[in-house]
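This is what each chain is made of:
Number of protein chains: 4
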Amino acid sequence: MIKAGIVGATGYAGAELARLLTQHPQAELAAASSVSFTGKKLSDVYPAYRQLCDIVCTTQAEVVEKSDVVFAALPHGLSQELAADCFSKGKALIDLGADFRLKNEADYEKWYGGTFFYPELHKQAVYGLPELFREQIRGKKIVANPGCFTTAVPLALAPAVLNDLIEPAGIVADCKSGVTGAGRSLTQNTHFAELNEGFSAYKVANHRHNPEMEQTLRLLSGQNVTITFVPHLLPVSRGILATCYARLKSGVTPGQIRAAYEKQYAEEFFIRLLPQGKTADIKNVRLSNFCDISLHLDLHSSMLIAVSAIDNMGKGAAGQAVQNMNLLFGFDEKTGLTALPPAF
Amino acid sequence: MIKAGIVGATGYAGAELARLLTQHPQAELAAASSVSFTGKKLSDVYPAYRQLCDIVCTTQAEVVEKSDVVFAALPHGLSQELAADCFSKGKALIDLGADFRLKNEADYEKWYGGTFFYPELHKQAVYGLPELFREQIRGKKIVANPGCFTTAVPLALAPAVLNDLIEPAGIVADCKSGVTGAGRSLTQNTHFAELNEGFSAYKVANHRHNPEMEQTLRLLSGQNVTITFVPHLLPVSRGILATCYARLKSGVTPGQIRAAYEKQYAEEFFIRLLPQGKTADIKNVRLSNFCDISLHLDLHSSMLIAVSAIDNMGKGAAGQAVQNMNLLFGFDEKTGLTALPPAF
Amino acid sequence: MIKAGIVGATGYAGAELARLLTQHPQAELAAASSVSFTGKKLSDVYPAYRQLCDIVCTTQAEVVEKSDVVFAALPHGLSQELAADCFSKGKALIDLGADFRLKNEADYEKWYGGTFFYPELHKQAVYGLPELFREQIRGKKIVANPGCFTTAVPLALAPAVLNDLIEPAGIVADCKSGVTGAGRSLTQNTHFAELNEGFSAYKVANHRHNPEMEQTLRLLSGQNVTITFVPHLLPVSRGILATCYARLKSGVTPGQIRAAYEKQYAEEFFIRLLPQGKTADIKNVRLSNFCDISLHLDLHSSMLIAVSAIDNMGKGAAGQAVQNMNLLFGFDEKTGLTALPPAF
Amino acid sequence: MIKAGIVGATGYAGAELARLLTQHPQAELAAASSVSFTGKKLSDVYPAYRQLCDIVCTTQAEVVEKSDVVFAALPHGLSQELAADCFSKGKALIDLGADFRLKNEADYEKWYGGTFFYPELHKQAVYGLPELFREQIRGKKIVANPGCFTTAVPLALAPAVLNDLIEPAGIVADCKSGVTGAGRSLTQNTHFAELNEGFSAYKVANHRHNPEMEQTLRLLSGQNVTITFVPHLLPVSRGILATCYARLKSGVTPGQIRAAYEKQYAEEFFIRLLPQGKTADIKNVRLSNFCDISLHLDLHSSMLIAVSAIDNMGKGAAGQAVQNMNLLFGFDEKTGLTALPPAF
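Protein chains in written order, with numbering that gives the first Met the number 0: chain A, 0 to 343; chain B, 0 to 343; chain C, 0 to 343; chain D, 0 to 343.
Copies of the same chain look alike in the list, so a pair counts if it fits in one copy or across any two.
Straight line, CA to CA, 35 angstroms or less: simulated DSBU-like cross-link-like pairs of lysine-lysine: (1) 40 x 88; (2) 333 x 277; (3) 109 x 122; (4) 109 x 248; (5) 139 x 40; (6) 65 x 333; (7) 333 x 40; (8) 277 x 40.
Just so you know, the hints here were simulated from the structure itself, not pulled from any lab data.
Full structure from sequences and hints, please.
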């Protein structure tokens, strides 16, 4: 039984982590911090948790002290100091923020306006997308947990890119996200009466996850991949659907496509490659760590359409973070992540 | 490890039962039947279940044969024969339908247009609302699992009725139900475009759960209780909120009210009596077996307002059925029912 | 063509007023003010209005100067000075806030914590519920436009109260409101991810509209009426459904009930008394000034159930305000208010 | 005052037509037919219409007889006979179905499995997308009113195609539709509990609107245009958002793009080309005949992203049909179509 702590437990990702860790058979939720709610029970903020998760929010320092592994669910820029602190004390850090995701400091500066305070730590950090980088994750102490879009899009495209089946330039990733992706902070566009019955794109071709998803596919394949990425905001609470379009390389057959995906993901518990004719739906992955993928071809324009669905709070945040913890500590990777998603 | 079977597994209550039983540590989902989907996997009907619950639907007969306990999730009228079959074979039956809920055949005929085929079986049956009838449930073979409204309303009112704090006549139960309560069959008023952004009452003062909730409180208290019951349909998937209004008896104090509820429910894990000032919300009980209750007083009209919230598919159907199974088989009553409800 | 102005045009009620006035054949939207958006177009705040209502927000003073009638859509407490200003300049004021609704200063102080700055103005003010107080409204200069619940509940109960058909004490008004009723200001409980799939009561038996609805029925009938009023928040944008319960007086027949409503509302265009067997639904009054009313009886408990549905932004706010303007200026009362509500 | 009739008035498009025609100042809704509801009032099917549109549904024959212009809102295949009947009687027909949209009988057979019964009528028919084919529409007797996706996508792309600014092959149209697009007939995937909180693609690269949108751009530009079209189903009632991706031709500048759209749509009342930095949202066009278009560039991949938003029942069906009627009869094209869309 390891001791896990959450820094930033009252945001949505933090709260979802608390839910998963409370039920994890090999980890104990030892401490949780919140700047806004110090001294309050987590179940005062989220009354759904009453009686089952009444942990009292404390300080970041106490979380570090009490934990073997610290999950950071913080606004970007705040994880670096925490990482240094954890590292010096020999604690593992799984960062759900963006501070350690981009390998290149120039990219981080361009997209987040920040700098690498501890370049050495960045070398220690690993990008925590287990299905693509599993072997590099084991034994690490700092894990950069991917963002939600940056989980859904690379998982949808990796087998095609790795097997050289699609043109690496001009890919389109048309993504739709549930509103928890925007966090718990109040904004006009997530006010119920403004979002309800609405639907639009945002940060068109200008979202911070764009360089991150390209980096992942470049690191995997060794070639530059260019993705036009447009996120949209869905009037639902959870879920990301990524509809990815890529031009097939000349001569590629439908059979090759499916075979590549089947081979790549044959042993991946959390990836459900749907049978021909089925289509991924965010509804089927809610409250789970699954990534459902469906494959489609538009033969009249030689286009692969790969659709992936995840729960942005599950595989897109807290679920994947727990999966990374399982990897770090040598647990079965599925531990605590096998609850059946609800049918409705 | 007991063997559990579901007759009618592809309706909403059946599917929710399958989800709970798949994860139950002391029961195994041994068989599931469906008239419409015989030979198909349950996960073909509910793709969320893929990989974790791929059981193939079979016949009712096979379910009975393979199970120690049979859950019936059938339209009313169809459970009596099944109950007779189970009873003769020594199998327990937990009926989520209405066939065994009303004690009085005249009531059953009036509200359901049916008759008691096996009056002897009705005497064997027990009404499965554990918080109110726990001792009578243990050891039984036929359990009539209450309806959703008939769980929410009696739990909200029982302590007040039992302690003679409210007038037993003229009670109002204004209830609001999520749409899964209407089942999976297609109807115009549950068509998305018709229900979305809509809200109305239905079967006003003419719903079959009305005599059932009155029966429960009468059996408990020994006095006639009259409830004006109006259900409304909410544009949400899950949840029932029951706002119950009852005139305080003369001289009753706020302290007496709260004390009665605290005493009655002190040991009840699944009832969360909320602190003064909080209000029950269906959001907080989603996907759980909890019943949240909040108490309010309108002193200017001497009215008790007791609000209860349940998940109509959880405590209002499948969750409570599993709770009854736990009771029947001597398991800890909470077994398989302690998953933390999601915060959002 | 009269000139109408809106003070507080960028809140929800103000924006709905702008929509109605833009389309009104006998009024021109002459000016609109906003503290937060002065100098901006209304269509910058509400892009739906682009091209059809691009009026630039100005100051309150300019609105008064340019208008024959001023609509105030302000937080309570801010309308009194405005009323004095309008009154001194001979302009009509229709106040959508609460400052002039309660006749009794003690009530105003108790529920709103304010005082009557200009008691003389309060004597000049009329309560603008045309179906109940039409004759008193004509020719007035200050109209207190009723709140949303305080429109829905009295309209549902007035014929029964006026004809002495129900007990005036112990009435229950269980109300459900769409979220625009909570305004455009950001709050946690109207954040999409928190309200979606949720439903609960709020301000139980402690809402400011309680004394106002009782006042209306008392003024009408001359007798004290006591209402237990519980509002709930619906996850929809628009609409109020009021389910009202009242004990029938001894000997009252169903026929008397219906006859009383039919007589009272026979000439009321905006009240649609539904035929026996139909049930009021907020969906059917969206974007309209209608109040749909359905009548039901629970004979086993001698209870009248009167259900009314309005659009909280229409008949519950801006629509009724325009209806009052029509009355003040001698226009046909329906002018600008006959757009067919959408079917879906 | 012309007489307008609707064949198929109780489906969603028919009902929306009835709403618009009831309020049209130069047309009168003379007759409406329905196979399922003959003899019933339209307001029995859609109670929102009560009192303002209580027309009784009659037969198709009577509609033709009583009308100067007939709107057909029928399943495909049923309009051809009706067209022949109208044509022979000198009545105008505006067909909201697909029978006259495809110019090429082979395409019609491939995608709809039907044949052209009256090839001569097809030569008489015009494709009713006024912003692109206005001059050809005037004076015609048979108008094929475009489908919803086939309005949104060509309007988003036409200026770029016509001015040779984008590659005509490999275009992606990722579209999202509100659920009324699926009609009033009951289906499992539009059952509230199944669609709510869900989101997925359907008929991926296999939807009947694909050849139609390519035909439109081909007819306009004289060059073959290939579009990969993927529709998705949104859990909202109304609206289509089309996010269209096209590779810029070499050397094309952002200024050229915007200039082309501004020029093309300068005089188009129903097209609102949004300013730089704004993004089209289905919320802003609800219940209107507007098409909002926003333009975005992804310079790092030389991709134009043109986003259009329409109300699928407005500009995507009934609104556009009324616009076509206005054109046919020489009315101002905006007549009856200038109601301000609601802000929320």
